[in-house]
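1 is the number of the first residue of the sequence shown in full-length UniProt numbering; add one for each residue after it.
Hints in this document: simulated from the structure, not taken from any laboratory.
Among the hints, erroneous ones may be present.
[Said to hold, decoys possible] In silico EDC-like links for lysine to aspartate or glutamate, alpha-carbon gap of 16 Å or less:
1. Lys206 / Asp175
2. Lys59 / Glu21
3. Lys206 / Asp186
4. Lys12 / Asp171
5. Lys206 / Asp166
6. Lys71 / Asp99
7. Lys71 / Asp166
8. Lys71 / Asp159
Just so we're clear, the structure is a prediction, and the values are computed from it rather than from any experiment.
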Amino acid sequence: MDNLIHNGELKKTLWFIYLSERLDIAAECEKFLSSRGFAGVQVSPPAKNVIVRSENILKPWWERYQPVSYKLEKRSGNEAAFVDMVRRCNAVGVRIYVDILLNIISATNGTGTDGTVVSTRRNFPAVPYGNALFIRICELVGLPDLNVTRQNVRQHLIDYMNHLIDLRIADFRADAMKHMFPEDLDYMFSRLRNLNTVHGFAAYQKHF
1 MDNLIHNGEL KKTLWFIYLS ERLDIAAECE KFLSSRGFAG VQVSPPAKNV
51 IVRSENILKP WWERYQPVSY KLEKRSGNEA AFVDMVRRCN AVGVRIYVDI
101 LLNIISATNG TGTDGTVVST RRNFPAVPYG NALFIRICEL VGLPDLNVTR
151 QNVRQHLIDY MNHLIDLRIA DFRADAMKHM FPEDLDYMFS RLRNLNTVHG
201 FAAYQKHF
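Using the sequences and the hints given, assemble the complete structure.
Here is the structure:
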């Protein structure tokens with residue numbers, strides 16, 4: 001477990017800060033989490049998502065799990081705010097763990113969290129939910145399934161994760177991995193860089 005936490009100490013508790021702004025998370029690391037012995041913070045998916053609007057609901061929590069690109073532009077802040085959050089939390093010994101989605105994109109048209117227009121051009125038929133094959137080749141809750149057998153799709157996801165590693169995050173929590181084939185995950189994870197040593201990670205250390 002100690003190797004998974006990546007803090008070089010015996011701290012093992014993570015705090016899941018879900019909807020807060022990135023600058024507020026940085027302040028929380030500095031003012032509370034570090035002094036209380038927390039090992040790290042798990043943050044919700046950092047990539048741009050569609051803004052969900054309807055008559056009865058506006059910006060629900062689950063819209064953060066409706067990615068439309070891999071730009072780090074959210075209601076929580078832009079990429080500069082993300083970099084600042086990671087730097088400040090690392091400086092006080094609190095690592096950042098990122099929730100990521102590797103298998104789906106949003107099925108909703110509208111506006112993205114960076115203000116751009118979002119259009120879903122493809123629609124795929126539903127697949128029955130049953131055995132492992134059906135679970136992995138499916139539209140999870142109606143969301144378009146990424147074809148991670150294609151090299152260009154894999155490379156986009158690898159580049160996304162490596163960019164986050166370059167920004168000095170400690171690790172990932174990959175959402176809904178049971179809907180993906182193990183060999184596809186192995187391929188992508190095996191091509192991720194070592195953790196960035198600038199903020200105190202050991203040389204040649206992997207994300208997990």
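Each hint tested on the structure:
no.: 1; hint: Lys206 / Asp175; in the structure: 19 Å, violated
no.: 2; hint: Lys59 / Glu21; in the structure: 14 Å, holds
no.: 3; hint: Lys206 / Asp186; in the structure: 14 Å, holds
no.: 4; hint: Lys12 / Asp171; in the structure: 14 Å, holds
no.: 5; hint: Lys206 / Asp166; in the structure: 12 Å, holds
no.: 6; hint: Lys71 / Asp99; in the structure: 14 Å, holds
no.: 7; hint: Lys71 / Asp166; in the structure: 14 Å, holds
no.: 8; hint: Lys71 / Asp159; in the structure: 11 Å, holds
In this structure, only the earlier hint numbered 1 is contradicted, and the remaining ones agree with it.
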